[in-house]
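**Student:** Could you build all of it, start to finish, from the sequences and the hints given here?
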Amino acid sequence: MIPRLRRYGTVCLVIAFMLSGPAVAFSFSPASVSGIADEKMEAAAEKAFEEINKKMSKAQEAYYKPLTEAREKGLSDKEMEKIELDPALDPVMVVGPEMLKAIDKYAGTDAALGACDQLLALAGRSESAGWMAEKALSALKTHYLKNEKLVDVLRYAHYCSDAMAPAMCDFLSVVVSDSPHREVQAAGCYSLAKIKGKKEETRSEGLALLKRVQDEYGDVSYGRSVYADKVKGDLFEMKNLQVGCVAPEIIGKEISGKLMQLSSFRGKVILLDFWGDW
Amino acid sequence: MYPHERSLVEKYSADPFAIVGINSDSSIEKAREVVEKNKINWLSFYDGSPGGPISTRWNVTGWPTIYLIDAKGIIRYKDIRGKEMDDAIELLVQEAKAEQAAEKSK
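Chains U and W, in that order, are what the protein sequence lines are.
Heads up: the first sequence begins at 2 in my numbering, then just goes up one per residue.
Heads up: the second sequence begins at 316 in my numbering, then just goes up one per residue.
It is possible that some hints are incorrect.
Estimated spans, in silico, between C-beta atoms of each pair [unchecked claim]: (1) L68/U - I343/W: 30 to 40 Å; (2) E85/U - Q409/W: 21 to 31 Å; (3) G245/U - E325/W: 26 to 36 Å; (4) G224/U - E351/W: 30 to 40 Å; (5) E351/W - E62/U: 36 to 46 Å; (6) R156/U - E325/W: 34 to 44 Å; (7) A413/W - E51/U: 56 to 66 Å; (8) A413/W - V175/U: 47 to 57 Å; (9) A71/U - I343/W: 32 to 42 Å; (10) Q409/W - K83/U: 21 to 31 Å; (11) K106/U - E325/W: 49 to 59 Å; (12) G245/U - W357/W: 21 to 31 Å; (13) S178/U - I343/W: 42 to 52 Å.
Pairs of lysine-lysine, DSSO-like flavour, derived with a Cα cap of 27 Å [stated by the list, open to error]: (14) K345/W - K259/U; (15) K200/U - K326/W; (16) K387/W - K259/U; (17) K254/U - K354/W; (18) K212/U - K393/W; (19) K199/U - K387/W; (20) K79/U - K387/W; (21) K352/W - K254/U; (22) K326/W - K79/U; (23) K393/W - K83/U; (24) K200/U - K393/W; (25) K352/W - K240/U; (26) K354/W - K259/U; (27) K83/U - K326/W; (28) K200/U - K387/W; (29) K79/U - K398/W; (30) K195/U - K393/W; (31) K387/W - K254/U.
For the record, the hints were derived by calculation from the structure and aren't laboratory data.
Idealized CB from N, CA, C, for every residue including glycine.
**Tutor:** Below is the structure:
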């Protein structure tokens with residue numbers, strides 16, 4: 002038995018070598034490399050993105066320099082507001098293209114996934130950098146659709162700009178139908194619902210999607226809670242807290258301790274401000 | 316935010332306008348202290364914590380969150396800031412004054 006086992010082990014080693022050898026040498030898609038090569042790739046990616054992030058910090062420093070200097074000079078808030086920052090120095094414009102190249106090169110690694118997330122946040126709200134966010138989206142679609150960690154990126158997907166919304170909705174629809182992970186599907190469906198719910202024309206679609214989250218993914222965890230609980234507040238907001246709705250009544254105690262109700266301000270324009278000093 | 320809001324209250328003191336806050340500080344003593352220290356000149360519901368009943372019902376997950384409600388009680392703007400917010404307030408106040416004037420002349 003022992004010699005046979007040993008032989009079996011040797012055969013395995015040879016097969017492993019045959020499999021990994023050519024894969025490293027001829028691989029067209031970096032994401033397909035497995036095992037040790039994966040770790041090496043991940044380490045290289047981490048290093049590359051670390052360098053890029055250093056450049057990003059420097060670019061941010063340069064971009065905000067007029068504000069930092071003004072603060073040092075002791076300018077007032079009003080004067081600070083007047084300072085215009087040079088759009089050509091916008092950090093995402095300066096470093097974004099290099100980041101995209103690295104995402105392409107290290108596609109499939111966790112580091113590149115994190116960079117896609119970062120780029121979406123930085124470029125997704127800017128008009129001139131919107132194309133970079135769209136590129137990041139297409140990288141996510143190509144390389145991370147089956148990845149469980151995609152859930153971290155989806156969590157903030159609905160904070161994208163209106164200009165980004167159509168591309169984001171397309172992406173989220175694909176995620177909901179193609180991801181093998183329920184957590185990812187749930188996050189995709191939830192973000193899609195939130196985006197659709199923002200606009201009056203698509204609000205009924207948003208409501209239907211929220212109900213789908215409630216029915217199909219209610220048990221999936223969302224932070225410390227579950228989607229079933231999370232969605233309750235969103236359903237109320239989508240139905241009752243939209244532009245054009247009568248503001249729901251608020252009855253409670255004022256900070257001084259006196260009873261107060263929102264409807265007693267009727268006849269006045271109200272700036273309703275949820276605030277806290279923290 | 317406080318100085319700007321204070322100035323809004325002063326600017327519209329003779330007009331149909333009010334700021335109504337929903338305060339989510341961790342204790343009522345803290346909230347009272349903040350009101351005093353920052354000379355806050357508008358009223359606020361006290362909600363107990365960021366997860367308080369009013370914030371939860373209104374699905375508030377980020378602070379500050381702003382709603383602009385017109386004189387008839389209809390939500391007209393959400394999550395609006397800076398100059399956009401100031402312009403929207405001005406528009407709604409003028410609208411409310413015009414309606415008041417129309418009511419009187421009836």
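**Student:** Are the hints correct? Go through all of them and say.
**Tutor:** Each hint, compared with the structure:
About 37 Å separates the C-beta atoms of L68/U and I343/W, a value consistent with the hinted range of 30 to 40 Å. A beta carbon spacing of about 30 Å between E85/U and Q409/W agrees with the range 21 to 31 Å that was offered as a hint. As the Cβ distance of G245/U to E325/W is approximately 30 Å, the hint placing it in 26 to 36 Å holds. The hinted window of 30 to 40 Å between G224/U and E351/W holds, with their beta carbons roughly 35 Å apart.
Separation of E351/W from E62/U is about 38 Å and conforms to the stated range, judged on CB atoms against 36 to 46 Å. With their beta carbons about 41 Å apart, R156/U and E325/W fall inside the hinted range of 34 to 44 Å. In this structure, A413/W and E51/U meet the distance hint of 56 to 66 Å, their C-beta atoms being roughly 59 Å apart. Range check, A413/W to V175/U: Cβ separation about 50 Å, and the 47 to 57 Å hint holds.
About 38 Å separates the C-beta atoms of A71/U and I343/W, a value consistent with the hinted range of 32 to 42 Å. Checking the proposed 21 to 31 Å range against Q409/W and K83/U shows it holds: the Cβ atoms sit about 26 Å from each other. At roughly 57 Å, the beta carbons of K106/U and E325/W sit within the given window of 49 to 59 Å. Checked against the hint of 21 to 31 Å, the pair G245/U and W357/W passes, with Cβ atoms roughly 25 Å apart.
Between S178/U and I343/W the beta carbon distance is about 50 Å. The supplied range of 42 to 52 Å therefore holds. This hinted pair checks out: K345/W and K259/U have alpha carbons roughly 17 Å apart, not beyond 27 Å. Our distance criterion of 27 Å between C-alpha atoms is broken by K200/U and K326/W, whose separation comes to about 33 Å. Between K387/W and K259/U, the direct Cα distance comes to roughly 24 Å. Compliance with the 27 Å bound is thereby established for this hinted pair.
The straight-line distance between the Cα atoms of K254/U and K354/W is roughly 20 Å, inside the 27 Å bound, and the hint therefore holds. Between K212/U and K393/W the CA atoms are separated by roughly 23 Å; this keeps the pair inside 27 Å, and the hint holds. This hinted pair checks out: K199/U and K387/W have alpha carbons roughly 23 Å apart, not beyond 27 Å. Taking the CA atoms of K79/U and K387/W, the gap is about 33 Å. The hint is violated against a cut of 27 Å.
A distance of roughly 20 Å separates the Cα atoms of K352/W and K254/U; the hinted pair therefore holds under the 27 Å criterion. Simply put, K326/W and K79/U have alpha-carbon atoms about 17 Å apart, close enough for the 27 Å limit, and the pair holds. Taking the CA atoms of K393/W and K83/U, the gap is about 25 Å. The hint holds against a cut of 27 Å. Our distance criterion of 27 Å between C-alpha atoms is met by K200/U and K393/W, whose separation comes to about 12 Å.
With a C-alpha separation of about 38 Å, the suggested pairing of K352/W with K240/U is violated against the 27 Å cut-off. Simply put, K354/W and K259/U have alpha-carbon atoms about 19 Å apart, close enough for the 27 Å limit, and the pair holds. Pair hint K83/U plus K326/W holds up; C-alpha atoms about 22 Å apart against a cutoff of 27 Å. Among the hinted pairs, K200/U with K387/W is consistent with the structure: their alpha-carbon atoms are about 23 Å apart, no more than 27 Å.
Between K79/U and K398/W, the direct Cα distance comes to roughly 12 Å. Compliance with the 27 Å bound is thereby established for this hinted pair. Between K195/U and K393/W, the direct Cα distance comes to roughly 15 Å. Compliance with the 27 Å bound is thereby established for this hinted pair. With a C-alpha separation of about 23 Å, the suggested pair K387/W and K254/U falls inside the 27 Å cut-off, and the hint holds.
Hint compliance for this structure: hints 15, 20 and 25 are not met, and every other hint is.
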